[in-house]
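Chemist: Here's the letter readout for the chains.
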Amino acid sequence: MKILNPSPEMDRRSFVKKVLNGTIAGSLFLAWPMGGTSLETPEEIPGIKGKEYDILNQEFAFIVDVTRCIGCGSCCVADKREYNVPDGNYRTWVERYVKGFSDKIYVDSPHGGLDGYQHARTDIEEEIRDTFFVPKLCNMCKEAPCVQVCPVGATFISPDGFVLVDEKRCVGCAYCIQACPYSVRFLNPVTKIAEKCTWCYHRVRKGLLPACVEVCPTGARKFGSMKDETSEVYKILKGPGVLTVLKKEMGTFPALYYKGARREVI
Amino acid sequence: MDAAHSSVAMLVSNYVFPNDLHVHWSMMIVLYPYITGLVDGAFIIAALYYLFDVKSLRPVARFSLLFALAFLAIATLPLLLHLGRPERNFNMLLTPSPSSAMAGFGYIYAVSMGVVVFIVLFVYREDLVELRATSKGWLQLLYRALTFDSIDVSEDARKLDKKIIRFLVGIGIPVAVILHGYVGFIFGGVKANPTWSTPLMPVIFLFSACVSGISAIILAYIVIRKAKGRSIDHNCIKTCINTLTLFFILAFTFEMLEVFSHSYLKSGYHHMVEGLLNGPLASSFWLWQVKICSVIPLFVLGVMGIFKIKPFLYNFTAAVVSAILLLQVLIMRWNVVIGGQLMSKSARGYTEFHPEWFDKEGILAVIIVMAIPFIILFVLSKIFPFWTADSETNVK
Chain B
-16 MKILNPSPEM DRRSFVKKVL NGTIAGSLFL AWPMGGTSLE TPEEIPGIKG KEYDILNQEF
44 AFIVDVTRCI GCGSCCVADK REYNVPDGNY RTWVERYVKG FSDKIYVDSP HGGLDGYQHA
104 RTDIEEEIRD TFFVPKLCNM CKEAPCVQVC PVGATFISPD GFVLVDEKRC VGCAYCIQAC
164 PYSVRFLNPV TKIAEKCTWC YHRVRKGLLP ACVEVCPTGA RKFGSMKDET SEVYKILKGP
224 GVLTVLKKEM GTFPALYYKG ARREVI
Chain E
977 MDAAHSSVAM LVSNYVFPND LHVHWSMMIV LYPYITGLVD GAFIIAALYY LFDVKSLRPV
1037 ARFSLLFALA FLAIATLPLL LHLGRPERNF NMLLTPSPSS AMAGFGYIYA VSMGVVVFIV
1097 LFVYREDLVE LRATSKGWLQ LLYRALTFDS IDVSEDARKL DKKIIRFLVG IGIPVAVILH
1157 GYVGFIFGGV KANPTWSTPL MPVIFLFSAC VSGISAIILA YIVIRKAKGR SIDHNCIKTC
1217 INTLTLFFIL AFTFEMLEVF SHSYLKSGYH HMVEGLLNGP LASSFWLWQV KICSVIPLFV
1277 LGVMGIFKIK PFLYNFTAAV VSAILLLQVL IMRWNVVIGG QLMSKSARGY TEFHPEWFDK
1337 EGILAVIIVM AIPFIILFVL SKIFPFWTAD SETNVK
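Taken in sequence, the protein lines are chains B and E.
Each residue of the first sequence is one higher than the last, beginning at -16 in the working numbering.
Each residue of the second sequence is one higher than the last, beginning at 977 in the working numbering.
By construction, these hints were calculated from the structure, which means they are not laboratory data.
Even glycine gets a Cβ: it sits at the ideal position worked out from N, Cα and C.
You may find that some hints are simply not true.
Said to hold, decoys possible - Once the Cα atoms are required to be at most 25 Å apart in a straight line, the calculated BS3-like pairs of lysine-lysine come out as:
id	chain 1	residue 1	chain 2	residue 2
1	B	K231	E	K1286
2	E	K1138	E	K1031
3	B	K87	B	K125
4	B	K210	B	K32
5	B	K125	E	K1167
6	E	K1286	E	K1031
7	B	K221	B	K125
8	E	K1135	E	K1031
9	E	K1242	B	K231
10	B	K34	B	K218
11	E	K1202	E	K1031
12	B	K34	B	K175
13	E	K1242	B	K87
14	E	K1202	E	K1138
15	B	K189	B	K231
16	B	K175	B	K189
17	B	K175	E	K1336
18	E	K1336	B	K151
As the list claims (entries may be wrong) - Quick look at which bits of chain E chain B covers, simulated, 3 or more residues with Cβ under 8 Å:
id	segment
19	1257 to 1270
20	1338 to 1351
Unchecked claim - FRET-style restraints, in silico, Cβ to Cβ:
id	chain 1	residue 1	chain 2	residue 2	range
21	B	I38	E	L1027	19 to 27 Å
22	B	G9	E	K1336	42 to 50 Å
23	B	D149	E	R1206	44 to 52 Å
24	B	D149	E	I1348	46 to 54 Å
25	B	T105	E	L1176	39 to 47 Å
26	B	S141	E	K1336	49 to 57 Å
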C-alpha cells in the first residue's frame, strides 16, 4: 500500500499545535476549580466537619465486634502505615484464639496479626471446637492507670475523652507501660518516648474515622459519637445487646467495648 | 478474672502480648533501688550512733555517713541512663504530676541529699576548720563555705554541733524511710502487675534496704581495715551483725509472706505468679535468693548470735555473710524488677530477658555505675578522714 506523504512542514506544525492545545486544555482542566470535592475529606463522623469542634461536649465510643473479625490484618497494616510504627511494636494487633474440645485455649498473634491469618495453626493436635479473632487497641480508660502514674503529666485525658501522650513532655521513663493492664503501650525505639493507639485523634478531629475502622472490611471495628443518636455505636451501646470490657476487675472503666467476646478473652 | 478458671488452659500457648516481649525496665532499674537501699542501710548505722547513742558503732559512724553520701550522689545516674529522653529529666521537678508516685522522686531525693550533706558537714566541722587554717587560695574559700564561715570549735560550739547533728539525723530517718519506702511503692502501686501489686512491697524494700546497707558497711569496714593493716573493732562488728540479723529476719519474713499470701489467697493471676516463681525464676528465686543467699546466712547469723566465737573467726564470718546478703538483696531486686516483667499481662505466658554487655543499660554500664561511688568514696576520704583518732584507741 502506498503511503501518502504530506508536506513535512505542515505536518509538524499541526502536530505541535495539537500537542500545545491538548497540554493547555489539560492543564486548565486540572487547575481550574470545577466545583468537585475530590480533594476534600469525606464526612465519616457526622457533626464535626466544617463546624467548630466543641471539645467539652463530645463523647466517643469504640466497639470491637469479635463475631465479625476475619483476621485479615488490614487494620494492623493501616495503623502501621498511618503512624509509621517501628517493627516489633504495636499500637493495635489482632489475636487468634483457638479452642479445642478439651477446652484448652491456644492464643497467638504472630507479628501482631500484621500479615493476616492466612494459614491455620498446625501445632494443635486435638480437634478444634471453635476459633475467633480478637482485635486489641487502646481501651481509652476513664480511670487510666497510665495517666495516673505519668510523673510529668505527659500522658493525659483530653476533655473529649481521649488518652493521649504529649510527645514534647514525655521523658521516656516507661512507667505508663508498666501501668497499662492491656499492654497497648511501648517505648518508640526511634523517638524514645511512650507511644500508643490514639483512636486516630487527628482524624477524628477532622470528622474522619480511625484508620483501622475505615479499612475494616467486615465492620468488626466500629467507632462513633455517643452524642449522635443515629450512630451505630450509640445504637449498640444503648441497645439490649451484651457488651463487655477487658479486665473489668482493674477498675479502669474502658471506653472500648467488645461485642461477642468469649470469657477466655483477656 | 473469668478466664482464670483453668490454669492449665491459660498457659498452654505461652502467649505473650506483642508489646510485652521487650522488658522495659532492665538492669538500671535493678540498680536504682539497690543503690538507694545501700544508702538507707548505711544511714541507719549512722543514725544508731548519732541519734540513739549506740556507742559501739562509733568506729563506723563517720564511714557510714560518707558511704551513704557517695552512693546517694550517684543514685540518679541509673535513672538517667534508663530514661528514653534524659535531657528532659528536669520535667519531673518542674512539672510534676501530683497523681504520680514517681513525681515525688526529685523532691525526696533532693531533701535526702541535703540532709546527708549537712550531717556530714557538721560531723566533720572540726576537721574542716583545721583544714581551712592550713589551706590557701580557692581551697580555703571552699573550706570557708563548708564550715559555714565559722572557725569556732569551742566546747559550746561543739555542743551546738551535736544538737544540730541529732536534729538532722532525726529528720534524716523519716526521709530515708520515705526515700526507700517510696521506691517500693513505685512497684507496689502498679496494679497491672500481680507480682508487684502488694502493700507489702514498700515494707520488703525497706527492710532489705537496711540489710544491704548494713552488710555493705560491715564488709567495707573489714576489707578497708584489713587492707590498711589496721585492727578491727570486734565490738562494733558484733553490734552491726546483731542489727543486721534483726533486719534480715524481718526482710526475709516479709519476702516469704508475700509468696505465701499469693499461693494461699489464690487471688487473680496467682497461677501466673506461681508459674513465674517455679518456671523462669526457679533458679534465681528459689535456689539463689531463698536457699543460698537467705537460708544459709540466716543459719550462720543464728550461730553467730548463739555461740561464742573467737573474734578473728567472727569477723571473717561477718564479712562472708555480709557479702552473701549483699548478693541476696541484689538478686531480690532482680527477681522483683526484671522477674516481674517476665510475666505477660496476657496472663498466658512469659517472656525472656537477656542482658547485653554494651547497651546503655548493659552489664558494662552496671559495672561503671557501681564503681563510681567507690571513686567518690576514695576522693571523700582525702577530705574527710573515715576513722577518728580516738576510735583507734577503742580498738582491742
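Chemist: If a hint holds in the structure, say so; if it does not, say that too.
Modeler: Hints and how they fare:
no.	hint	verdict
1	B:K231 x E:K1286	61 Å, violated
2	E:K1138 x E:K1031	14 Å, holds
3	B:K87 x B:K125	33 Å, violated
4	B:K210 x B:K32	15 Å, holds
5	B:K125 x E:K1167	16 Å, holds
6	E:K1286 x E:K1031	22 Å, holds
7	B:K221 x B:K125	18 Å, holds
8	E:K1135 x E:K1031	17 Å, holds
9	E:K1242 x B:K231	18 Å, holds
10	B:K34 x B:K218	24 Å, holds
11	E:K1202 x E:K1031	22 Å, holds
12	B:K34 x B:K175	36 Å, violated
13	E:K1242 x B:K87	21 Å, holds
14	E:K1202 x E:K1138	31 Å, violated
15	B:K189 x B:K231	32 Å, violated
16	B:K175 x B:K189	28 Å, violated
17	B:K175 x E:K1336	13 Å, holds
18	E:K1336 x B:K151	23 Å, holds
19	1257 to 1270	violated (count 0)
20	1338 to 1351	violated (count 0)
21	B:I38 x E:L1027: 19 to 27 Å	55 Å, violated
22	B:G9 x E:K1336: 42 to 50 Å	57 Å, violated
23	B:D149 x E:R1206: 44 to 52 Å	57 Å, violated
24	B:D149 x E:I1348: 46 to 54 Å	33 Å, violated
25	B:T105 x E:L1176: 39 to 47 Å	45 Å, holds
26	B:S141 x E:K1336: 49 to 57 Å	33 Å, violated
In this structure, the hints that do not hold are numbers 1, 3, 12, 14, 15, 16, 19, 20, 21, 22, 23, 24 and 26, in rising order.
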